[in-house]
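From first to last, the protein sequence lines are chains A and B. With the working numbering applied, the first sequence has no gaps in its numbers, which climb one by one up to 252 at the end. With the working numbering applied, the second sequence has no gaps in its numbers, which climb one by one up to 1206 at the end.
Lysine to aspartate or glutamate pairs mimicking EDC-like chemistry, simulated, CA-CA at most 16 Å apart:
| # | chain 1 | residue 1 | chain 2 | residue 2 |
| --- | --- | --- | --- | --- |
| 1 | B | Lys1117 | A | Glu162 |
| 2 | A | Lys94 | B | Asp1006 |
| 3 | B | Lys1190 | A | Glu37 |
| 4 | A | Lys245 | A | Glu208 |
| 5 | A | Lys118 | B | Asp1051 |
Worth flagging that the hints you see were computed from the coordinates, not collected in a lab.
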Amino acid sequence: MITKRIIPCLDVRDGRVVKGVNFKGLKDVSSPVKLAEFYSDCGADELVFYDITASSDGREIFTDILIETAKKVFIPLTVGGGINTVADFDRVLKCGADKVSVNSGAVKNPAIISEAAKLYGNQCVVLSVDVKRVDGVFRVFAKGGRENTGLEAVSWIKYCVENGAGEVVVNSMDTDGVKGGFDLELLNAVCDAVSVPVIASGGAGKIEDFITLFKKIPKVDAGLAASIFHFGEVKISELKEQMFKANIPVRR
Amino acid sequence: MIAIADYGVGNLFSLKSSFSAIGANVLVTGDAADLEKADNIVLPGVGAFKDASKKLFDSGLGQALINEAAKGKPIMGICLGMQLLFDKSFEYGEHKGLGLIHGSVRPISDVIPNDLKIPHIGWNALDLKKESPINKYINDGDFVYFVHSFYAAGCDEFTVATAEYGAPLTATVQNKNVFGCQFHPEKSGKTGLNILRAFAETGANL
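Whenever a hint applies, use it, and build me the whole structure from the sequences.
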């Protein structure tokens, strides 16, 4: 039986992990390579590297970091941030990424989904969507959540999956940062609409939030989070132990 | 030396890194002469069977693999590379494989309940069915990473391990010196590296 995946997300700028992290036994807490190794060792099922670099110099450093990480970490690696063209897919795949996550780039140019899927296969194309309720409607936001695109989220996700997106990361801006749990209403709506793996993001504050997610919405495949893992509020090994005890299929 | 057959299909970066990580001497090559010199050969692959099969035979590496397999050289196919070891595939038509293992490649939708998602993607446990040198460093129930929509059928005799996904899907196969993994050992953490290590030890590499 396929297990539910736990995925830490690392925001990388100029070759360093942005949000400060604090782990015992980890000296260089902002080295993406060291952190990736650490997470891989403690049971993370997959890693997401998000490139939040603005400059082209920073982008080169990012790809170097990616190569170093992919040489040492042998679990699936997804890369996102600044993916606007098929050439961007090519650049990060050559450096060892297994999947590429596209967000605003797909809003600007929806054809990138089908083009990349044709070249690299659907399994390689991850659609990432930032969603926020506006007057009771789920809307897609672009540019790091700053711009309301006016697109209705569930139909946008459905459209992208029909065109070749092999997985969807659903990030709820309404629950993100609140630490009150995942956005079950939104995730339910997405899971009902598509048959590809759905990765829940935004809102996890404690272990129980993951248990509730997988129990209430068995169709969700994975839970993604950043700071709660980085700050040690949720330890992946402990999270997986609790999931196992709750009869949720998990890799231990 | 372990040769990774490069016939223009898929990303070989992680595979090469994994063999380096276990201390094996590895060469990515599109040259049939290198396959002849190698102690072990790895046949990778992602994407569509038809294209990959054509590229493999057109490049001359297909025939080289058949020749080296006949000499008893250890060969391991990974993911689509494993599927290419079989007689044929029914992925969008009917296409010829290398014929190194008897059986055929068919859609998993033939055998799994229709409420399960396709592709079969993620970490799944290995059910070890048979003794094999490549199981040397792993245990029953160890997890490996899968991404596939087709599976090897009619090959019970060669099936070393399966993974349960509504049906027991072929995960590892062996026909004498020819091995195959449906999953990605290079993306399966320590378990995956242990499988690659065991394969490398079947030759003269470590």
